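**Student:** Here is how the chains run, residue by residue.
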Amino acid sequence: MRIIVAIKQVPDRDAQVRIDAAGKWIEESDLQFALNESDAYALEEALQLKEKHGGEVVVLSAGPERVGQTIREALAKGADRAIHVACGDLGARDALGVARLLAAAIKPESPDLVLTGLQSEDLGFGQTGVILAELLGLPHATLILHVDVEGSDSSQARIPQARIKVKRELEEGWFQQIEMPTPAVLTIQSGGNKLRYATLMGIKRAKTKEVRQLIAAELGVDAAPVVILDRLTLPQKQKSTQILPGTPKEAAAALVEKLKFEVRVL
Amino acid sequence: MLFSLSTAALPILAEPQHFSLTEKLIFSGIIIASASAFWRRFGVVLNKILHSKRDPNFHLFPLGKRVWDFFWEVLCQAKVIRERPLPGLAHAVVFWAFLAFALVTLNHCATGLGIGFLSPGGFIGRWYFYLAAVFAMFCAVGISGLFVRRFLIRPKWLGAKLSWESGFIAFLIFALMATYLASFAVTDTSLAARVLWWLHTLALFTFLPIIPHTKHLHLVLSPATVFLSRGSYAQIPPLIGDEDFGLVAGTDLTQLVSLQAYSCVECGRCTEHCPAANTGKLLNPKEIILGVRAYLNDLGPSSDQPLLGKYNQQQAVFQCTTCGACEFQCPVGIEHVPILVGLRRGAVNTGAWEDDYGAKLFLALERGSNALGISPAERDKFIQKQALPLFDGTQEYCLWLGCMGGYDPKGREIVADFARVMNYLGTSYGVLRKEKCTGDPVRRLGDDLVFQQLAEANLEALAQNKVKKIVSICPHCVRTIQEDWKEYGTPPEIEHHSEFLARFADKLPSQRGADGEGSALQVKGTGFSPYNPAHPKSPGALAPEGQEKIVFHDPCYLGRYRNVYDEPRAVAALAGTVLEAPRNHERSFCCGAGGGLAFLGEETGERVSHNRAQELVATGATTVGTACPFCNSMFRDALATTGEAPPQLLDIAQLAARALPTANPTKDHAS
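Listed in order, the protein sequences are those of chains P and G. Residue 1 is where the first sequence starts when you use our numbering, and the numbers rise one by one after that. Residue 1001 is where the second sequence starts when you use our numbering, and the numbers rise one by one after that.
Worth double-checking, as some hints may not be accurate.
With a straight-line Cα cutoff of 20 Å, these simulated PhoX-like cross-link-like pairs (lysine-lysine) come out [said to hold, decoys possible]:
{"no.": "1", "chain 1": "G", "residue 1": "K1468", "chain 2": "P", "residue 2": "K237"}
{"no.": "2", "chain 1": "G", "residue 1": "K1024", "chain 2": "G", "residue 2": "K1053"}
{"no.": "3", "chain 1": "P", "residue 1": "K50", "chain 2": "P", "residue 2": "K167"}
{"no.": "4", "chain 1": "P", "residue 1": "K194", "chain 2": "G", "residue 2": "K1381"}
{"no.": "5", "chain 1": "G", "residue 1": "K1410", "chain 2": "P", "residue 2": "K239"}
{"no.": "6", "chain 1": "G", "residue 1": "K1381", "chain 2": "P", "residue 2": "K237"}
{"no.": "7", "chain 1": "P", "residue 1": "K249", "chain 2": "P", "residue 2": "K237"}
{"no.": "8", "chain 1": "P", "residue 1": "K239", "chain 2": "G", "residue 2": "K1360"}
{"no.": "9", "chain 1": "G", "residue 1": "K1466", "chain 2": "G", "residue 2": "K1410"}
{"no.": "10", "chain 1": "G", "residue 1": "K1360", "chain 2": "G", "residue 2": "K1381"}
{"no.": "11", "chain 1": "G", "residue 1": "K1434", "chain 2": "G", "residue 2": "K1381"}
{"no.": "12", "chain 1": "P", "residue 1": "K50", "chain 2": "P", "residue 2": "K237"}
{"no.": "13", "chain 1": "G", "residue 1": "K1385", "chain 2": "G", "residue 2": "K1434"}
{"no.": "14", "chain 1": "G", "residue 1": "K1385", "chain 2": "G", "residue 2": "K1360"}
{"no.": "15", "chain 1": "P", "residue 1": "K50", "chain 2": "P", "residue 2": "K239"}
No lab work stands behind these hints, which were simulated from the structure alone. Since we're looking at a predicted model, the values are computed, not measured.
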């Protein structure tokens, strides 16, 4: 079973993001970057499928040179090889443009499954995976927490006839189970698995794993964006703290009321 | 005249003067049989040690400390006696008698072959045999005492199973001494002298081959083990090359580890002081060492079978708080901490350890900045709220907050109070704009990948900010920065806030009232007298009426790891009378947080922190003084369970800050 995991390097969660001088993108010079969270879960799902059914996991990422660090970390966690689409203008491309790059890299690999995080932490379009499926002409499902492969035989490296059962997360604690054929594209929701930690052994082994470099400009895809980014702004800071008055009992009752009907988490 | 008369009256050691050829042949046969039986086992052990991996960072020089340790711990038996005075002394007299008997035994063998060199009647021989006789008497009493202890008193640390071999050995040692002493009561031509001589011979050459087959192997190995230590306490060796992930399999066992494993004398002092073993955990440090030995016996140092599994259990290894009490106590020079951390490294660096809490901690530090997994924006807010100055290269000190000082509510209180004291003293300091965890918990849990990332990032940040001196409220940060970061660069000078505060103790207001009695701990300036083990530290010294009674808990990473005991007491003494808990100074009992365990969730068995909190409360103190934010965090909950009115819990910085003028202190003193 060949699984491709499309991952994205995004600014670190703890990074202090500043908007650049042109107002079109963020200041990248002093930022720390890390693997997008839901992509980390996509990678984990792929690694667990490989451990259960055999095959290989290939990570794919588009971006500038710094993406190499994140690719190596993914290899350290257990991916077998990687494809890096070298591309210095990722921020200028819209979801369609990025999906075109990824699709061009994926097609020659003819994978059984393509997994990717459901959305990126920086732009958060939630579109790339879906467009990718369309470009590849494959069925897709979104918001996946868990994948089961049926009719697989771990002795076989490829299982073109396998069907998969996926668990989707819906609103308000509802789940949906879907059966679908492979090959397919799935966008993975965070939290379905427990992530594994990177190990020293993994990092050392990753040094010898293959990272194939593709040049974005040589893939022959249309780079012109259809969505034009106009302007970036930071959200306004606002405080919306409410003090609930009354005795502890009254305050607790009021809090439950609010949690039930305003915030709707109970 | 008097001299010669008195010596003439003393009996002389009776040795048979002539041996027949048959006797000589039998004697030679016994020597050869005994020596070869000794070597058949000892050769195997030596081979396993020598064929273990070389210790890559081992340096024999400088020799000074090694020679001193050998003299003090081996020849003087100082540690053996200090940590268990009565049995220690009994052991010491047996050991010293063995030393005295080296020459006696050599002469005994030479005599049997007809080439004796010490004549019992000659001046040297005569006096030497008298000297040996004195040792022999002490030894006979000592070994009898040890026999009584092992077989009648039966301390639980020696294990539930009676060791009959130990009884037999004790009997042989007693027989050696008895036959030697009895020889003074007979004449050298008598049959009795001959019988005693042969009994002594038999005891001697029965003893010899038993040595390598039992824990008495320590007789031969432990002097070398003490001499060949890693060089400093609880030192974690660097990993070398692309295939070194810690102690994974036999091939990772180094010569020092193997030597130490075979040196264990199974006395159980490590277990007696282990916080895990004392609170019903699986971990027993003695069994860890014996597990490594059993592995070496069965599989040897070339095996690629995992070390964890059959011989030692992963769960036990991850219950260690790295408090180091075991290593501190060990009389034969075993270094438990590097072995336990080495086994953890082997499990974590290869991904074999699966633990939800552990993985959460590692992931938090792979991506984030602190072990608590909180956004660094919270640290920024704290710095702003407390108006802590940012370090800009002009200040004397960089105040290192650490994860607890930057994110934990109680840790922040300690930092705030310490900052107040520094303001009062007019010390210039600043905090780093960004700080990452020093890597202490991941280092001790064995995640070398994350540790390296954190150490390198921090070293770079400190170098960029041109930091020369660091002060920190956390002994774990201090240890990790000063010792563990050395693997990746040169850390700035660092001290713990207790050392800083003690240096300025005479400039800080005392809260002790006019009497000032009993302030022996209040040390002026920097000249601290080193801790004197002979000085009694009786628990629960009486405090004068109306004075606050403060029991100080020695944090492992400040006491045993840094040898700082008097400084925090000097600071606490500013605020009241310092009491001692039964387990204090080097014998302090861990709070349970070290070794990354603060992050690993619920313990099995009794909680270590509860055990210690009860002990601290039992001193009758009104305040528990700490000097570590992790201890503070552990005792916060533990003290609440000890009764209705538990003592208050304060860091020494808070004790020192309490008497400062409450009005804006910087107004009066900063200039």
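**Student:** Now tell me, hint by hint, if it's right for this structure.
**Tutor:** Taking the hints in turn, this is what the structure says about them:
1. Between K1468/G and K237/P the CA atoms are separated by roughly 38 Å; this puts the pair beyond 20 Å, and the hint is violated.
2. Taking the CA atoms of K1024/G and K1053/G, the gap is near 44 Å; set against the 20 Å cutoff, the hint is violated.
3. Distance check on the hinted pair: K50/P and K167/P sit about 18 Å apart at the alpha-carbon level, within 20 Å; holds.
4. For the hint pairing K194/P with K1381/G, the CA-to-CA distance comes to about 31 Å; that exceeds 20 Å, so the pair is violated.
5. Only pairs whose Cα atoms come within 20 Å are accepted, and K1410/G paired with K239/P is rejected, the gap being roughly 26 Å.
6. Proposed proximity of K1381/G and K237/P is supported: the alpha carbons are some 15 Å apart, at most 20 Å.
7. This hinted pair does not check out: K249/P and K237/P have alpha carbons roughly 32 Å apart, beyond 20 Å.
8. As the CA atoms of K239/P and K1360/G are separated by approximately 31 Å, the hinted pair breaks the 20 Å bound.
9. The suggested pairing of K1466/G with K1410/G is violated, with an alpha-carbon distance near 29 Å, which exceeds 20 Å.
10. Note on K1360/G and K1381/G: the hinted pairing is violated, with a Cα-Cα distance of about 25 Å set against a maximum of 20 Å.
11. For a cut-off of 20 Å, the pair hint linking K1434/G to K1381/G stands: about 12 Å separates their Cα positions.
12. Under the criterion of a C-alpha separation no larger than 20 Å, the hint pairing K50/P with K237/P is inconsistent with the structure, at around 45 Å.
13. At most 20 Å may separate the alpha-carbon atoms for a hinted pair to count; K1385/G and K1434/G meet this at roughly 16 Å.
14. In summary, the hint linking K1385/G to K1360/G is not supported, as the alpha carbons are separated by about 29 Å, beyond the 20 Å threshold.
15. The suggested pairing of K50/P with K239/P is violated, with an alpha-carbon distance near 47 Å, which exceeds 20 Å.
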